[in-house]
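**Q** Construct the entire structure; sequences and hints are all you get.
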Amino acid sequence: MSKYKTGVLIIFFAILIAFTIFVYLPVIDGLSISFTDWNGLSFDRNYVGFDNYVNLVRDRRFGETMLITLRYTVTIVIGTIGFGYFVSLLLLQMKKQNVYLSVLFFPHLLMSVVGCILWEQIYNGFLPSIGKSLGLSLIRRNLLAQKDTAIFAVAIADLWRLVPYAILLIFTSLRAVSLDLIDTAEMEGANKFQILWHVQLPQTLSTLGIILTTAVTHGLTAIDTILIMTGGGPARATETLYFVVYKNSFMRQKFGYGLAQGVILALLSVLIFVLIDMTLNRKRMDGVEIV
Amino acid sequence: MKKLVALMMVVTMLTGVFAFANAETEPVEIEFFQATYSHAEVVEKIVNDFNALNNGVRVNLICLPDDTSYTVLANRIQNRDVPDIFDYEISQELYDMVDMGLLADLADKPYAKYIKPSALEQCEYNGGVYLLPITVSFMGVFYNKDMFAEHGWEVPTTEAEFWELCEQIQAAGITPIAAGDKTGSNIAHWVQNLIGIYCPHYVKNFQKVLQGEMTIAEMPGMDEVANIVVQRTRFAQEDPLGYGTDEQITLFANQEAAMYPNGSWRMARLNAKEPAFEYGVFPFPAKKANETAFMSDIGFPLCVSAALTEEKAAAVDVFMDYMYSEGAKYFIETNNLPSAIKGIEPDTHAYESLLRYFDEGRVFSMPSTCRWDAAYADYTSALQELVMTGDVGVFFDEFTNALVDAGMPTFYRP
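Those protein sequence lines, which keep their order, are chains Y and S.
Under the working numbering, think of the first position of the first sequence as 1, with each following residue one higher.
Under the working numbering, think of the first position of the second sequence as 1001, with each following residue one higher.
Just so you know, nobody snuck in bad clues.
Short, incomplete list of chain S residues facing chain Y, as computed with Cβ under 10 Å: (1) Gln1078; (2) Asp1181; (3) Thr1183; (4) Gly1184; (5) Glu1238; (6) Pro1240; (7) Leu1241; (8) Glu1247; (9) Ala1374; (10) Ala1382; (11) Leu1383; (12) Glu1385; (13) Thr1389; (14) Glu1398; (15) Asn1401; (16) Asp1405.
Keep in mind the hints are simulated off the structure, nothing from the lab.
In this text, a Cβ means the ideal position worked out from N, Cα and C, and glycines have one as well.
**A** See below:
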């Protein structure tokens, strides 16, 4: 075996060992705790079989939590890709694109806590005052304080930081689309929408796949924004599945149960990512060229 | 041979000299994990002053924001990495820690003699004392003294007078009550105060709820508690669930609201926000004036790890002695909080009217210290639901479920 191959193998096994210690072993430990009644503090961990999982299915709030998680994740995904694509297309028409790009990317560089405080002030004072002066009932009240709107309000505050990242990736990807292809499409009489649908979108599908994965991951695992802006409230309205894992583990001292929910969340994430991957692969097989 | 002996003597002497020099330059380091962020600056000053004494002990202070600190502390305790000194509330976890032998018994420590007997009594558990307080906390209604004087409003002595006062304040175009219900503990603590006033035998009855023999709806006095919350919401600013502690304090300190129900633990933040602001405190009144009482517990209690080396334990004793003498004096006088320490009495003019209640024993401990920590988050959510919808029936169901779902084996005040 050459020295190069030996070196590669050593590095690979070093990474594998690190992964085993820092990722796989804690995951296995977490999985084993999900079959116990551990409260997170005591020395005893009593094996309870599948009780935590059975209780999870029976939990009358589980469906509600899943619905909140779904709303949040869908808002994040649609918002990130939709706004990201729309703004990127606009940017393509502008001069001094790099200047605008820098300005638009700025929110992504801010700490999430800064964004949360800023948006709290917007929801608490700025928007209601506009709503009152213009007679817009939707924003007359603090959106974070209403059960129906709180989760969307938190998602918007998150989008403020996520969309710039999406713009950067989509815009770069759109700039890489061959101008010859667009010129040809135009010569053949395609309008702007047709060019977008048949040329630009397929050519940027790989990038969209990356953004979709990032957005879904964020939607399923976001907790900092929720903790800072609402603490899961008002009245559980912003308790996503990930937040509930935290709440059960640390606030309700039900570590075993919390980790059972964590396992479900992990399985759900894997399922979604497999679906995304399968969809993108099907597109490839359908003959769509991916950049 | 002589040379060898001489050499050994020199080596021995040098070792002794170096060891001594080392002892002088290398103080014993102990860790103080401060979980309650609201007193951060005051404690930092105390620790810095102590470290400046250079008495062979160095305290490393760790202070994180409230939510983070309890999570970090819980993680450390799970890994049996208990900080040398840390502050903790009387709670289910605290007694679990005692039961697991993680905390040192402080009953016979010399600095325990600084604590007032009434405060020390609250810290006893299974024949030991595992935490020592510096202050005594109280729950009350803070009010704007100048605003009250200007409008000729009187401090209410009955519940009926309280609502009448709210009507008058509202009629004057001022928000009667600043609410901060987004921070769940604000309303949760206040409602516990109401439970103590309006629900007789609440410990016994909560026990029945837990055992499925009673629901919250059937608990005597709970109807009144729920209706007071609904009524309070009517007199609070719009969207109380959009306001957390800071916004609530700001509303009150900026004179946009006349009253502010909360605990003495928020006084430090209020004082820092508007140092010149003249406020008073009265207890939330019961139906009859002579039934009025309020919630009072020990404040800023410190615990010590049971797993200290002899050297560290001695160093902790040195610091704790300082903390409960000079440190406590600075802590209490700066925050102007009721003292748990003998011989240290702060400026009490803001809450002077409460002092006689202390003297008459018209105070009670927080009901949630009856081991309902695991239900606390859901109880808070149930209250937020009540604030939002005003639906008392749903609140009762949610509160009952919170207690039952928590699956607590016992429900008692140890």
